[in-house]
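Enquirer: Sequence:
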Amino acid sequence: MDLIMILQTVLLLVLESRMSQSQEPVVVPPLDLKVSNDSFQEYLFLEWNVSDWAYESELKMLFQIQVSQTEKRNIIWMGNYSRMLSKSDKGLRWNWHSHLPLQCTSHSVRIRSAVDDPRFPTNEVWSDWTSWKTLLGLDSLDSEEPFIFPKDKIVKAGSNVTFCCIAGKSQSVLSVEYKGSPYPVSYISSRSVKITVSDVSLSRASGTNVVCGLSGRKHRGTVLFVSQPPEKPTNVSCETQDLKNLICSWFPGETSNLSGIRSTNYSLYEWFSQQRMACSRNMCSWPIDKNRQIYNFTLTAWNALGERNATIVLDVTHRVCPRTPTDLLANHLSATNVILYWTLRSDYSVLRLCCQTEVIKVKNGNVTLHNISVKGLLSMSHYNTIINQLQPYTIYSLRVRCSASDHFWKWSNWSEKLSIRTREVAPTLGLDIWREVRQNAENRTVIIYWKPLSENETKGEVLSYHITWGKLDDSNMYQHLAVSVSMNNTEISIDGQPYIIRVTARNMVGTSPPSEIRIAKLQENDIEDINEERVNGTGDGIHISWKPEMGEVSDYIVQWCNFPKSENCDFQWKKYHNNTFSDVIKSAAFQPGVRYNFQVYASKADGAHLLEKKTGYMKELAPAIKPAMKVVRIKPNSLVLTWNNYPTDDSQPGFISAYYIYVKVLQDACSLKGAETLELSDGSVVCRFTIGNPEVKSYAVDQLKPNTKYAFSVVALTTGGESAIDFSTKADTSYDWQAVILAIVTPVIICLLLLLILFLACYWKRMWLKDTCFPEIPDPNKSNILTLNELKINSEQTILNIGNCITSTVEVVNISKENKLQLCKQGMPAFGREGNGHAIYNLEDQKFGNQPTWINFFENEKGMVSPNPNPFTTFENLTYCSQLESGSSSLLGLGIIKTNQQNQSKPQYQQYPYLDLLNKDSSTTLPNEGTSSAYRSQMAVPNASKLNDVPISACTVECLGYKAQTNFSLGLLSRVISEDNTSTEEVNISVSPRSTNSTTFLLPD
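Residues in the sequence shown are numbered from 22 upward in steps of one, following our numbering.
One or more of the hints may lead you astray.
Stated by the list, open to error - Think about it this way: if two alpha-carbon atoms lie no more than 30 Å apart in a straight line, the pair counts; the simulated DSS-like pairs of lysine-lysine are:
1) K253 / K431
2) K595 / K651
3) K172 / K239
4) K651 / K492
5) K492 / K595
6) K625 / K472
7) K726 / K647
As the list claims (entries may be wrong) - Restraint ranges, calculated between C-beta atoms of paired labels, are given here:
8) Q295 / G237: 42 to 48 Å
9) P569 / D516: 31 to 37 Å
10) D671 / F602: 23 to 29 Å
Calculated directly from the structure, the hints in this document are not laboratory data. Quick reminder that beta carbons are idealized off the backbone N, C-alpha and C, glycines included.
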């Protein structure tokens, strides 16, 4: 054999040497190709071989593989496979996974090879293809039976799955449905079709149906199961309770959506023993070998889509969790100590245990833990521990658990609870007692109260209470009284002497220390009139404070009733140290809106004395009862509101601190002086008055309007709010007749007073009024106007002799332009007619200056009117001074004609009109003369000394008209034209009121 091997080696070396020298390509074709399949997994498996020389030469080869479908051999895949051959190889293998089920159609495979070895760099020549190796599909069978694939396949969620349906001979595929919905099909061959479902979702445990519809009303179906690969188990833990079996547990993750053989399976493999054990979903039990303590486990979770593993290595003695203790029993050693027994139903003799006892005080739930370390015992042996420091006559609940002491792993489960009551002892604490003294004419009744002791204080079951009392100075005359345990008070009668009272509680073992209270000889201040003070609530209680009492005080006591309005008021009290002077009294019985009364006592050597009285609310509420109001004494401007019967005592849910008076004017807004104006929720505006004294229960509303409708509401106020506003009380103010009468009488009286004052003033000024309103008109016959010194007038001649008056007044109505020019020439006659007349002269001559010039017209011998050439004197008619002031430019004058010597003996008084031709306003008044429009006598000529002061007007008058001889200013506007005819102005011409001549009109030609 060695020789043969040597010869083969030499031969190969020679062959390689020749091939390398010849540089010819080396071809190693594949041999003996075989093809098989796994239809369930949808894999094609290829096996082939090469020459022995290739294995011996350990060539690196490259194989190219082609896969085709159907009889037509449509190539659907081509790929390369590289492999380094070795001498130990017995053949070559390769597999290919198909997305299409292999049964759906025929699959063919062929292969070729090439040497890809660096020792043969020029060898890049492929060998010839092998012949096709074909695996026939079911579509090539001569069968009438249809098929659908894959069958009951399990795939991962999110995968793409291809289904095919193969029709039987002489059949055709009509449709393929997935989840009841048809999918578009594509033909693989003449009898086979396929569909592809993308991104499949988790299916139900029973899977998802795929149905193929065929001609002839035939159907074929399959089920697709979609799931997830198993999750990796977490929190893997193993422990033992009895040192015989290891219990391993883990968290498996989410439950698989599949069931049965398709769900996730678990197995436990131990590496040292090379054993495997099937497990449940989250637990597995492994028997412990007494000769081994260390174990190495691998936990595997697997299903059709994959598997996940978790490992754990442990020492059994470090993973001991004892069994639950059982059979608990307690024996009483004393009123405060008990011994507790229990058993463990496993053998822990190889271990040392730590056991923990839980002691629960049932009444308040207080928990106490006691730990002990004990030697492990055989199964069903009794363990015990002593529990001390318990309270007498108290109910406790006991339970136990244990663990390994040396290598703590975890506690066992708690045992069941054992309830016990410790033994009784005599009460060690005295009762809290107080009293209530009621005095009458001969003796006093004392009601003694006590608070029952708690179970912790009684140390046993109280059977009765015992009361002992006697006079303070006579200890031999004590009286005794036993009271049932259901009672918390009793009454005794005593006289006026000081007494001492003791109360004790008795149980089966003994009595409590006596509680003592003393009743003073005199209780004057119990009946004294002590003022009651108000206290404030805090929301959850009532704050009480008091002043320190002078003298030696042992303690202070505050008493009250929890239900002051009930017959059984639930009398309460609270004691304080002598250096405490305030507290917040709290009680579960306190209710908002209820008034509570408190009395503060100071306890001294001779007894308790009342110090102060308090009253208050935990929380004040708004008054629930609204005041019943009446309206009285209604007047036009006021009325009175009363609510006398409204209570302010403890029937109210708060202290009445004030009242609000709301006044509402119906159909109008209220605005009373001194009231606060408010707008209510309904939008009405009302007035509000405030009464700060709750004892005042009437109010007078003033400043009301007469004959007006009002609505009123009285609201009581506390710190908790105010009662409801109700405008049900209405009143109408009466009609104010006094105001009406006063409104009428007052103006009448004022008018009468004014008239009286006016009358008195007129009477006082009667002469002035007479001269002003009714001047004395002189008798012309008695006038002495012509008795001036300069003038000598014939007294026998009549003053107003018409025959001697030759003046006349002419009113020029219309004058032609030519006539106007003639009239304006000096010295020319105005009209050729008998009688006196007016003429117009241009007097703008420089010789006149600015002094007034009076122009008089007289009839000459030829019957022509011309200016009087003789000197004369004119007097102003003072009667019409006011008219002159109002704008009249004409002045009336009296002309005193001086004739020649032949006629000087007969001077003649004659009236002449005169014109003020210079003054623009034509208003001239003599000095010391008034401007009244009253009558002035024409005889009242100016004094001779003032004649030279008479104003003279010199103006050029264009034309002049006639004016009626009446006592009012009615002038004619005439145009005054200067010589150059460039400027004009209007003047008023006024005529004498005493002329008796008739009016004559000169009409134009």
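Enquirer: Hint by hint, say whether it matches the structure.
Expert: Right, here's what the structure says about each hint:
no.	hint	result
1	K253 / K431	25 Å, holds
2	K595 / K651	47 Å, violated
3	K172 / K239	18 Å, holds
4	K651 / K492	60 Å, violated
5	K492 / K595	26 Å, holds
6	K625 / K472	22 Å, holds
7	K726 / K647	27 Å, holds
8	Q295 / G237: 42 to 48 Å	58 Å, violated
9	P569 / D516: 31 to 37 Å	32 Å, holds
10	D671 / F602: 23 to 29 Å	26 Å, holds
Of the numbered hints given earlier, the model fails hints 2, 4 and 8; all others are met.
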